[in-house]
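Peer 1: Order-wise, the sequence lines are chains D and W. To convert a position in the first sequence, counted from 1, into the working numbering, add 59. To convert a position in the second sequence, counted from 1, into the working numbering, add 35.
Hints are computed from structural coordinates only; laboratory data are not their basis. Even glycine gets a Cβ: it sits at the ideal position worked out from N, Cα and C. Please note that the accuracy of each hint is not assured.
[What the hints assert, rightly or not] Derived Cβ-Cβ restraints for the label pairs, each shown as a range:
1) W/Arg165 with D/Thr133: 52 to 60 Å
2) W/Arg140 with D/Ala170: 28 to 36 Å
3) D/Thr133 with W/Thr41: 56 to 64 Å
4) D/Ala271 with W/Arg207: 38 to 46 Å
5) D/Ala271 with W/His127: 18 to 26 Å
6) W/Ala49 with D/Thr114: 44 to 52 Å
7) W/Val141 with D/Trp95: 34 to 42 Å
8) W/Arg166 with D/Gly230: 46 to 54 Å
9) W/Arg47 with D/Gln171: 25 to 33 Å
10) D/Leu260 with W/Asp145: 53 to 61 Å
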Amino acid sequence: MDWAAMALSLRLALMVSVVLLLIGIPIAYWLTFSAWRGKFLVEAAVALPLVLPPTVLGFYVLVALGSRSPIGRTWEAWTGHGLAFTFEALVIASILYSLPFAVQPMASAFAQVDRGLLEASALLGAGPLRTFWRVILPLARDGVLTGLILAFAHTLGEFGVVLMVGGNLPGITRTVSIAIYDDVQSLNLTAAHLTALALLLFSFVTLSVVYAISRKPWAVAPWR
Amino acid sequence: MALTLTARFRKRLADFTVDVDVSAAPGVTIVFGESGAGKSTLLRCVAGVSRPDDGRIAIGDHVVFDAASRIDVAPARRRVGFVFQQLALFPHMSAADNIAYGLARVPKADQRARVDAVARTFRIAHVLDRRPADISGGERQRVGLARSLVGDPEILLLDEPLSALDHTTQSRIIGDLLRWNEARGIPVLYVTHSQREVFALGRRVLLLEAGRIVADGTPQEVMNAPAHERHAELVGYENVLDGVIATLRPEAGVMAVSLAGGAAQLETPLVDGRVGDAVLVAIRAGDILLAAHRPSGLSARNVVSATIKSLRRTGAFVAVFASCGAVLEAHVTQSACQELGLREGGEVWLVIKTHSCRAIVPV
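Build out the structure end to end from the sequences listed, making use of the hints.
Peer 2: Okay, structure coming up:
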């Protein structure tokens, strides 16, 4: 088994989960409570990775991060090297790719919090922030946790986007799913078996944990 | 210092418009009306969780809403205590944390003292550590009241807070609430559709119907003098029957009314009308006596044979629905129901005094 690839995948999934915790919650909150009429556009954009081929997403991320794009150029100016085919590029691409998996369970958990409780909170003098920390977040905790675990597991197993954006550089961008692909290509089936089995078990355990926490079906389809 | 609430506003709802002009002095003002009359909307607009289309709402000099000058103070800044029908207690917090929730700006040490004080007033000191799911319905209601009162609101809005409780628990909580307000003297708007609560609580009742205040006075004035059919139904005449005047006896001050459905005639007090005119006869369910056999030697003028259609147990009493052509609802106690052997399909005699029948000329 390719331990370097496994470690890399875990590191990637962990970073992506942390970032998605930080940006997923505000996005989910906004999607749940905003009264803006154009909200459906943002909902659709967030859900895009669910239906888009990973290669398409990967391709556009690659273009956006490449040395001819503003982002790529700025990054090069700061760090002295390009962004494409780096671990950082993988993180950015994975965040986009796993966004709906984090945001949708969070948003649906926020939406399930009784509006009467939110009104009660406001009537007791609490502003939106206090209401969020003291009422919404504790009551939606399972949904937030589910979102994080799904994002983590999804990042761990992604293939197409990683290949497009990161390539296959051992220790830098070679994730566990690419390692399996490599092993199969080079007929190293025992190694492929081991890694695949480890990933399978890990995914099963992860999903069991999710279902045990929430005891509610989560929908990959949009939540309304 | 006690302030007066003045609210004059309009808010369009799906099927009617709430259009009210209310001023509530310190003390309890009851808002009475059937469900869907706009009672909750009235409270929600005062609290700021719904926004009126037009008008002005002030608590004392503090204008909290004014459409003309675009004032709309957030609910959090209105100093309004609000108890919801569904209570909306935070399920993940202890009773103490629920009560202390509105005291965010009060130092921690004082918070505890104030929670303890209000818990004593409402007799919930023993449940403070428990969560809402682990205490009784009456205790939950008390926690809801305590939570909205601990912050010393300038006005208290109660949206059918006791409707889910039995009568004894209701009375006790009402007593505690009135005692609490003796010291504070803030305006309390109390929404209910229960007559019992009206008489137990209020010196003043507003009768709300389809978004408008159609009567305003003491409970006795508003509840005992229905002006037309809708009111009679509203204020607890469970029976409102169609009929026509059969005979007039002006010398005795009474008349006979033939009920629709043919079978029965009732003697009622005289109203301004002629033989053949349509009238409505309103009778409270509690004013009808039931007899297992035909009674004799009674002063009551109306003794009507009927068949029991159904029995419904509701808390302390049994609602008996009996048909004599028209279906009448009568309330008897559980034990009376047993002793009389009342059952569906059984025969029963309805005994109604002339002056328990209120004849109304429909408008």
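Peer 1: For every hint, state whether the structure bears it out.
Peer 2: Structure-based check of each hint:
About 56 Å separates the C-beta atoms of W/Arg165 and D/Thr133, a value consistent with the hinted range of 52 to 60 Å. A C-beta distance of roughly 30 Å is found between W/Arg140 and D/Ala170, which places it inside the suggested range of 28 to 36 Å. At about 60 Å, the beta-carbon gap between D/Thr133 and W/Thr41 stays in the expected band of 56 to 64 Å. Distance hint for D/Ala271 and W/Arg207: a CB-CB separation of about 43 Å, consistent with the stated range 38 to 46 Å.
At about 19 Å, the CB distance of D/Ala271 to W/His127 agrees with the hint of 18 to 26 Å. Judged by the Cβ atoms, the range 44 to 52 Å given for W/Ala49 and D/Thr114 holds: they are separated by roughly 50 Å. One distance hint, 34 to 42 Å for the beta-carbon pair W/Val141 and D/Trp95, holds here, with the actual separation near 36 Å. Under the hint 46 to 54 Å, the C-beta atoms of W/Arg166 and D/Gly230, about 51 Å apart, fit the expected range.
One distance hint, 25 to 33 Å for the beta-carbon pair W/Arg47 and D/Gln171, holds here, with the actual separation near 30 Å. For the pair D/Leu260 and W/Asp145, the supplied restraint of 53 to 61 Å holds, since their beta-carbon distance comes to about 55 Å.
Hint violations for this structure: none, all hints satisfied.
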